[in-house]
Amino acid sequence: MKKIYSLALAALGFSFMCGAQFTDDIESYDEGPVFNDIWTTWDGNDDGAQNAMVSSAYANSGTKSVFIAAGAAPNGGPQDAVLNLGDGVSSGAWSVKWMMYIPANNSAYFNLQGNVSPNANENLEFLSGNVTFNAANGTPGMGADDNAAGMTSFAFPSDEWFEVIATVNFDAGIYSITVNGTETAAAPINAPDITVWGGVDFFAADTANGYYVDDVEFYSNPLSVEELSTADFLVYPNPANSQVNIYSSAAVLDISIYNLLGEEVLRVERGVSQKLDISHLEVGYYMVQFSNGIDKKTVKLIKQ
Numbered sequence: 280m281k282k283i284y285s286l287a288l289a290a291l292g293f294s295f296m297c298g299a300q301f302t303d304d305i306e307s308y309d310e311g312p313v314f315n316d317i318w319t320t321w322d323g324n325d326d327g328a329q330n331a332m333v334s335s336a337y338a339n340s341g342t343k344s345v346f347i348a349a350g351a352a353p354n355g356g357p358q359d360a361v362l363n364l365g366d367g368v369s370s371g372a373w374s375v376k377w378m379m380y381i382p383a384n385n386s387a388y389f390n391l392q393g394n395v396s397p398n399a400n401e402n403l404e405f406l407s408g409n410v411t412f413n414a415a416n417g418t419p420g421m422g423a424d425d426n427a428a429g430m431t432s433f434a435f436p437s438d439e440w441f442e443v444i445a446t447v448n449f450d451a452g453i454y455s456i457t458v459n460g461t462e463t464a465a466a467p468i469n470a471p472d473i474t475v476w477g478g479v480d481f482f483a484a485d486t487a488n489g490y491y492v493d494d495v496e497f498y499s500n501p502l503s504v505e506e507l508s509t510a511d512f513l514v515y516p517n518p519a520n521s522q523v524n525i526y527s528s529a530a531v532l533d534i535s536i537y538n539l540l541g542e543e544v545l546r547v548e549r550g551v552s553q554k555l556d557i558s559h560l561e562v563g564y565y566m567v568q569f570s571n572g573i574d575k576k577t578v579k580l581i582k583q
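Numbering (the working numbering), first residue to last: 280 to 583.
Hints were generated in silico from the structure; no laboratory data involved. Being a predicted model, the structure only gives us computed values, none of them experimental. Honestly, I wouldn't trust all of these hints.
Heads up, simulated DSS-like pairs for lysine-lysine below, C-alpha to C-alpha not over 25 angstroms straight-line [to be verified]: (1) 576 with 554; (2) 575 with 554; (3) 579 with 554.
Required output: the full structure, derived from the provided sequences and hints.
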């Protein structure tokens, strides 16, 4: 990877559900390099240099998992495997879930990719930031997502299997990462011209990288209006001068900005704009209110 910044067919080791959804438990693959419709490579070549390696060293279920490491590829490496989401998705909320095992003193890395056809290297669509676990073996038990809204940190366990869920909500223009049951703050999709989620890039980003992936699931993750109270909201930059970006992980009908007197000074309907012009507002404190017609939530905004 040149830039760092993600009818059943059981006989083939994975199964497709309705639409683009699938699961893969790795069990039917032979040990060694894997290359198929689900597990491809960063440059799209099946030459052993970037392929994920099927291993029986560790497994969350069954006896096999996928191994990613700096020096594990038979033809040089570093490994740079892409979990291919088929035609990808471009609307609604979708998730990829997998189990992960990172031995002590090892690091791990992934990012979410936009269009990966014909290969990720040709398109270079980094939907997410760089998601690292114990980067370069310098932060044991701690990980980070270096995203467009800033750096988000999280904790993870070593020497045991734990769950990772990556969720992309195209309706809100955001993604979020859940690690070992704890969801990180939602972050905006890296660039507005990325309109499809096509893959997850599992890369050996540094020489300490060595981790295992098992029990992968790709599925639709619809959000209901009742989830507004637990949704993630982003208002940034904050403080802001002339423009502010606003994102919500749950569907909302409208967004209003109120001054401290309770007067509505700006209102937009969801989907019209996620970048608001506030240059006409006076310097001071404001409240950004999200509404889905049933519930409301507010976030403080400072205009400089």
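Cross-check of the supplied hints:
no., hint, in the structure
1, 576 with 554, "holds, 19 angstroms"
2, 575 with 554, "holds, 20 angstroms"
3, 579 with 554, "holds, 16 angstroms"
When held up to the earlier numbered hints, the structure conflicts with none and fits them all.
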